[in-house]
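Protein chains: 2
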Amino acid sequence: MADRARAAMLTALLDGRPLAAGELARVAGVSAQTASAHLTKLREGGLITVVKQGRHRYFRLQGHEVAQVIEALTRISPPVEVRSLKQSRQAAALQAARTCYDHLAGRAGTAFFAALIDGGLIEPDGREAYEVTAKGEERLHELEVDLAALRAARRRFAGHCLDWTERRPHLNGALGAALTGRMIELGWFVRGNTRRALTLTGEGRTGLQDVFACVVP
Amino acid sequence: MADRARAAMLTALLDGRPLAAGELARVAGVSAQTASAHLTKLREGGLITVVKQGRHRYFRLQGHEVAQVIEALTRISPPVEVRSLKQSRQAAALQAARTCYDHLAGRAGTAFFAALIDGGLIEPDGREAYEVTAKGEERLHELEVDLAALRAARRRFAGHCLDWTERRPHLNGALGAALTGRMIELGWFVRGNTRRALTLTGEGRTGLQDVFACVVP
DNA sequence: GTGATGCTTCGACGCGGGTCGAAGCGTCGA
DNA sequence: TCGACGCTTCGACCCGCGTCGAAGCATCAC
Numbered sequence: 005m006a007d008r009a010r011a012a013m014l015t016a017l018l019d020g021r022p023l024a025a026g027e028l029a030r031v032a033g034v035s036a037q038t039a040s041a042h043l044t045k046l047r048e049g050g051l052i053t054v055v056k057q058g059r060h061r062y063f064r065l066q067g068h069e070v071a072q073v074i075e076a077l078t079r080i081s082p083p084v085e086v087r088s089l090k091q092s093r094q095a096a097a098l099q100a101a102r103t104c105y106d107h108l109a110g111r112a113g114t115a116f117f118a119a120l121i122d123g124g125l126i127e128p129d130g131r132e133a134y135e136v137t138a139k140g141e142e143r144l145h146e147l148e149v150d151l152a153a154l155r156a157a158r159r160r161f162a163g164h165c166l167d168w169t170e171r172r173p174h175l176n177g178a179l180g181a182a183l184t185g186r187m188i189e190l191g192w193f194v195r196g197n198t199r200r201a202l203t204l205t206g207e208g209r210t211g212l213q214d215v216f217a218c219v220v221p
Numbered sequence: 005m006a007d008r009a010r011a012a013m014l015t016a017l018l019d020g021r022p023l024a025a026g027e028l029a030r031v032a033g034v035s036a037q038t039a040s041a042h043l044t045k046l047r048e049g050g051l052i053t054v055v056k057q058g059r060h061r062y063f064r065l066q067g068h069e070v071a072q073v074i075e076a077l078t079r080i081s082p083p084v085e086v087r088s089l090k091q092s093r094q095a096a097a098l099q100a101a102r103t104c105y106d107h108l109a110g111r112a113g114t115a116f117f118a119a120l121i122d123g124g125l126i127e128p129d130g131r132e133a134y135e136v137t138a139k140g141e142e143r144l145h146e147l148e149v150d151l152a153a154l155r156a157a158r159r160r161f162a163g164h165c166l167d168w169t170e171r172r173p174h175l176n177g178a179l180g181a182a183l184t185g186r187m188i189e190l191g192w193f194v195r196g197n198t199r200r201a202l203t204l205t206g207e208g209r210t211g212l213q214d215v216f217a218c219v220v221p
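Residue numbers (this note's numbering), protein chains in the order written: chain L, 5 to 221; chain F, 5 to 221.
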């Protein structure tokens, strides 16, 4: 993971969406051959998996544990110096709302998580995980989130991970991913042109306020 | 962190105790000159700090965030293949009880944490941290743990980190470190000859049972 | 003072690995 | 069937960096 190109690839994969080899070569700024070599190494190291689809090969992170390592590394890495106005805007957008692997993060993510706790919709079970309360069941049913299916999934139901910009936790796990997906479906968030970036829409702001009593700063 | 020698050094520092440059050279299996070069790099990278003491230079991890990265990396690293009976015994000992940076981990660590939660001595505040309950205040006072001093410390009071052998959380932060230190003082645990290893004593077993209703498997 | 110890700096060596050009292989569309 | 496209494999280059010997600089013991 210590190589510049590989680090760029892993960061690009951090939002959970699978990317093709060519795309990864582009974000890493290396040739296709070089990228192929790097991807082989990452795959042998168990950091990424690959699925063939036609003449494309799509790569994604092996699991949330890998994502956690990358987030943890980001936390202790020296901040990227901002060079241009565009970079500055991008950084600000990412700080406001973004995906972390496949769930909501940034200011919106931590605010949403705090609202879920404060509103008594989920509660910690003392074992690093969270459970949905009766009140939460009801509220999420309104949002057409299928909790039974999420619980049946092999994946961890709900946990949190520390947000590297906000230094506060946000929701992850199957529940975090499902809620994030649903909110995007509802048009509460739209994906930005920058990778991982999300933008909170007007409907999203009122929706979060009405349904979750969540005010995003 | 990707270099073998540096990784060995960082792992050796994971129990929080500062080590001298020569000691680190020994655990990494390199010469003093090479170790010096590595330590310079780690220092420039902000991963470790150094304090001079006479003709010795003691190194320690920069903070708990660095320790978290190392633990996270350990979690996704391929398990070290066991070669000898000695290694196997060491691994078993570490799995039973060890220090993680400066607090209790392993089976004993996760059992202790669960007992604190189940006994209502601490409770999560929903923000990734924990507070001591009134009942907990009382119990810890009996153990002569100075909570006021811990709260005054600049360090985070109490949190958890995921145990990489047990896959369950254990207590960290100022409270985790203080409790661990106190239990060692009381002779509940003794430091093993292997780095980071702790051994649960007979008094420790009864003490944990009596004071915390904690049964270590 | 003198010598020993702990650590760093300097210099030189050599290997590992990241890099890309060229070629090969499978897939898709016409 | 043919060419375009996406990706991998092979081969060669070469820079970077981990390594240690030798020397230098502190500190400690006597």
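Do not rely on the hints blindly, as some may be mistaken.
As the list makes no split between identical chains, a pair holds if one copy fits it or if it spans any two.
Okay, derived cross-link-like pairs now, SDA-like style, lysine to any residue, Cα gap no bigger than 20 Å in a straight line [unchecked claim]: (1) LYS45 with ILE80; (2) LYS45 with ARG8; (3) LYS139 with ARG59; (4) LYS90 with GLU141; (5) LYS45 with PRO82.
Hints in this document: simulated from the structure, not taken from any laboratory.
Open item on the list: Please sort LYS45 with ARG8 into within, between, both or neither, judging by C-alpha distance up to 20 Å.
Closed with: Both ways: LYS45 and ARG8 sit 14 Å apart in one copy and 17 Å across, limit 20 Å.
TODO: Give the relationship of LYS45 and PRO82 under a CA distance limit of 20 Å: within one copy only, between copies only, both, or neither.
DONE: Classified as between; 14 Å across copies, 25 Å inside a copy.
- [ ] Please work out whether the CA atoms of LYS90 and GLU141 approach to 20 Å or closer within one copy, between two copies, in both situations, or in neither?
- [x] neither (42 Å within a copy, 52 Å between copies)
Open item on the list: Treating 20 Å as the Cα threshold, decide for LYS139 and ARG59: within, between, both or neither.
Closed with: Result: close neither inside a copy nor across copies, 48 Å intra and 63 Å inter.
- [ ] Go through the copies and call it for LYS45 and ILE80: within, between, both or neither, with a Cα cutoff of 20 Å.
- [x] between (24 Å within a copy, 15 Å between copies)
This entry does not satisfy hints 3 and 4, going by the numbered hints stated previously.
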